[in-house]
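Now for the letters of each chain:
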Amino acid sequence: MANQLIKPFNEDFADYLRDESRITGQADSISFPKNKQELIGILQELAGTNTPITVQGGRTGLAAAAVPFGGHALNFMRMDAVTGLRKDQSGRYYVRVQPGVVLSKLRKMLESRKFEAAHLQSWDQSSLAALTEFARAPEQFFSPDPTEASATIGGMIACNASGARSYLYGPVRPYITQLKLALADGDTLTMCRGQYHAKGRKLTLTTDSGRVICCDLPSYEMPKTKNASGYYIEDNMDAIDLFIGSDGTLAIIYEAELALLPLPARIWGVSCFFTQESQAIALVELVREQLDRIAAIEFFDRDALAILRRQKEESTAFAALPAVMPGMEAAIYLEIHAEDEKIAYERLFALGKLIGAVGGREDDTWVARTAADRDRLVFFRHAVPESVNMLIDQRKKTEPTITKLGTDMSAPDSELSNIMTMYRQMLMEKGLESAIWGHIGDNHLHVNILPRNAADQLTGKELYQQWAERISALGGAVSAEHGVGKLKVSFLETMYGSDHIAEMAAMKKNFDPQYQLGRDNLFAARRFAEGGERS
Amino acid sequence: MKIIVCIKQVPSTNEVRLDPETHTIIRDGGQSVINPFDTYGLEEAVIIKEQLGGTVTVLSMGIPATERLLRDALSRGADRGILLTDRAFAGADTLATSYTLSLGVAQAGAFDLIICGKMAVDGDTAQIGPELAETLGIPHIADVKKIIAIDERQLTCVKVMDGGEQELTVSLPALITVSKDINMPRLPSIAGVRFSLDAPCQAYSAVEVKADTGRTGLNGSPTQVVRTFTPERRGEAVALQGSCPEQAAQILAVING
Chain A
13 MANQLIKPFN EDFADYLRDE SRITGQADSI SFPKNKQELI GILQELAGTN TPITVQGGRT
73 GLAAAAVPFG GHALNFMRMD AVTGLRKDQS GRYYVRVQPG VVLSKLRKML ESRKFEAAHL
133 QSWDQSSLAA LTEFARAPEQ FFSPDPTEAS ATIGGMIACN ASGARSYLYG PVRPYITQLK
193 LALADGDTLT MCRGQYHAKG RKLTLTTDSG RVICCDLPSY EMPKTKNASG YYIEDNMDAI
253 DLFIGSDGTL AIIYEAELAL LPLPARIWGV SCFFTQESQA IALVELVREQ LDRIAAIEFF
313 DRDALAILRR QKEESTAFAA LPAVMPGMEA AIYLEIHAED EKIAYERLFA LGKLIGAVGG
373 REDDTWVART AADRDRLVFF RHAVPESVNM LIDQRKKTEP TITKLGTDMS APDSELSNIM
433 TMYRQMLMEK GLESAIWGHI GDNHLHVNIL PRNAADQLTG KELYQQWAER ISALGGAVSA
493 EHGVGKLKVS FLETMYGSDH IAEMAAMKKN FDPQYQLGRD NLFAARRFAE GGERS
Chain B
4 MKIIVCIKQV PSTNEVRLDP ETHTIIRDGG QSVINPFDTY GLEEAVIIKE QLGGTVTVLS
64 MGIPATERLL RDALSRGADR GILLTDRAFA GADTLATSYT LSLGVAQAGA FDLIICGKMA
124 VDGDTAQIGP ELAETLGIPH IADVKKIIAI DERQLTCVKV MDGGEQELTV SLPALITVSK
184 DINMPRLPSI AGVRFSLDAP CQAYSAVEVK ADTGRTGLNG SPTQVVRTFT PERRGEAVAL
244 QGSCPEQAAQ ILAVING
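So the sequences go chain by chain: A and B. Here the first sequence is numbered in my numbering, starting from 13 and rising by one per residue. Here the second sequence is numbered in my numbering, starting from 4 and rising by one per residue.
It should be emphasised that the hints constitute simulated quantities derived from the structure, not laboratory data. Glycine included, every Cβ here is placed at the ideal spot set by N, Cα and C. Please note that the accuracy of each hint is not assured.
The calculated lysine-lysine pairs, modelled on DSS-like cross-linking and capped at a C-alpha distance of 30 Å, are [said to hold, decoys possible]:
(1) A:K120 x A:K99
(2) A:K236 x A:K521
(3) B:K5 x B:K162
(4) B:K183 x A:K120
(5) A:K473 x A:K214
(6) A:K365 x B:K183
Facing chain B, a subset of chain A residues (Cβ under 7 Å, in silico) [said to hold, decoys possible]:
(7) F330
(8) P334
(9) P338
(10) E341
(11) D375
(12) T377
(13) V379
(14) T382
(15) D385
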């Protein structure tokens, strides 16, 4: 190939065929651009051969959106500079980043107020002036907090990631104030939030080269729940929202501006344990009604707690896990954000009363007010998915066909008890092993089916499809935070129906006429080949 | 069983500020935590209390803001706190600190066991526990990783040693210092936090504990910190060539500067 940045794929790059979904794909070539110019050169070269392009960041996704199914893997891990800082008239700060910036590194930079000297050299004067003020300002933070802090900002925008604190702060979407995008042919689009709006469901955009793109937006109504399923579409929408959560299918993000928030003076984590699952669910409903500024409401069922107990006993890596009290069947983790210590205590003790009201005990709680204690609770929360992955990896040694089957569905508030009952009954009827945890504050639970053999795997998949149908019928979303990627294509069709999928494919053609970007993400290749025609 | 646990306020980060005159750490209470080793001592005391009954008193010498850490210890199972706070205690080395702590022990009343962390993560001396025991005239065992048995009269434990372990029994009252292997400290509960806000936590001045101020603070510290600095990290690597004796000679030359 003429462009030396495009490297033929070989076994040295094998890791780039996978992500955290545990799906392995294949690719013909790979590149690691370091700047916009390199990116555009790569795209222009690939456009000449209509090569499919799968964009990658930290490959921490769970829906295989970054797994290439042929063509070119475009990896952004070397395009990882923080490129500027801005303070607006209201005193709010915004940080400008390339897509490969890793979330954990961004957090450290914001916390320490120190950015890499090599990157600072390219900052403009206004950014440097903002940095001087930023260094003296109260600490700021970027609120989205997906479990994997090794996620890149580009990947987080591509799937509209959220995390535990999205209960209070929402997902990535509202914090994206500017995007710089590259189209498949190398042309570019720049847009700020508020700059371009659709008229009804018609959107017109002008690329940086002056090309006008007009398209009809799909006609579906999105669920009123936490949602990362397919394109964000609504009447008169801000154009920037179309690209956030688009799974790398419309354009490639090469720079983004992120809005920051002042860090609350007090952030306290509280884990509450219950002898009955119904008590935990009752607490969630009371907290939603009565407590302010709760940033996260997370759930762990008895099976998740059992996995943690076992890991603590059997694995030295998990020996530091706090020991769960015997007899506990469910846990709720809440995060209190408060302006000062007095308010934090008021909220903590108000929570204590609610725990008593649902039949729990203040003694059966863990309160994390120090950084060290918060780290222990984070370790506890993150140990659950990690342990489940280890369990599945172990089983795969004897049953290579099995994979973890983890749901990512959300439902309306009124349906929380109903969906829990549905999950429990159907899992019991099928005799499947499972563990349930996740963002119960948003009725967004990760129901993880843990297949023991190929038959379980098949049964689990059928169950998963049935849940997608029921959740969709309840007005929920088949993906609330992981994105659709390649794994949930059939669920998206279940949720929206084939006509709306055809509308999505038709819209994509306006941005990516050769079907190069994010192939097989959101909808199957045949949908595009059908020309976006309705079935 | 009456147990006293000594705790120390230490910086929560490596980026500490140093007094340009005394070269000691400026402790303003802002980003401070309980010395991590002491949290294991506290947990072990609470475990013993749960088994045998009794009380756990947490004792510290420090600035007034140290009360926050004592109340944190109260939320984790201690029953009362004692804080020794006075300008006359400032700038103390381990000898002056252990003398001052011994006055706090006297305020606590009769005791069976004193537990300290084996060292503090800021000073790294591991001297306070043994020096306090000597000041009080009681036996001590340092670097305990496990308590095998304990009753009102004696304690049997496993002590970590260079290249091995030793099982020892000591009559009470006694002092032990503990390592991080001994337990996994608990997190406080909401009930514990509620208790800690109103639990007794008494502060004492030098006058109140009848301190000989010639033995406290900088006055009572034969150890003076001459200079503190962060070692320069050069990140250089040198490849040695030649036979073993030749390479040994090169290493010796590096050591001798």
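Now for the hints, and whether the structure bears them out:
{"no.": "1", "hint": "A:K120 x A:K99", "verdict": "holds (19 Å)"}
{"no.": "2", "hint": "A:K236 x A:K521", "verdict": "holds (27 Å)"}
{"no.": "3", "hint": "B:K5 x B:K162", "verdict": "holds (22 Å)"}
{"no.": "4", "hint": "B:K183 x A:K120", "verdict": "holds (28 Å)"}
{"no.": "5", "hint": "A:K473 x A:K214", "verdict": "violated (37 Å)"}
{"no.": "6", "hint": "A:K365 x B:K183", "verdict": "violated (35 Å)"}
{"no.": "7", "hint": "F330", "verdict": "violated (11 Å)"}
{"no.": "8", "hint": "P334", "verdict": "holds (6 Å)"}
{"no.": "9", "hint": "P338", "verdict": "violated (14 Å)"}
{"no.": "10", "hint": "E341", "verdict": "violated (18 Å)"}
{"no.": "11", "hint": "D375", "verdict": "holds (5 Å)"}
{"no.": "12", "hint": "T377", "verdict": "holds (5 Å)"}
{"no.": "13", "hint": "V379", "verdict": "holds (5 Å)"}
{"no.": "14", "hint": "T382", "verdict": "holds (6 Å)"}
{"no.": "15", "hint": "D385", "verdict": "holds (5 Å)"}
Checked against the numbered hints listed earlier, the structure breaks hints 5, 6, 7, 9 and 10; every other hint is satisfied.
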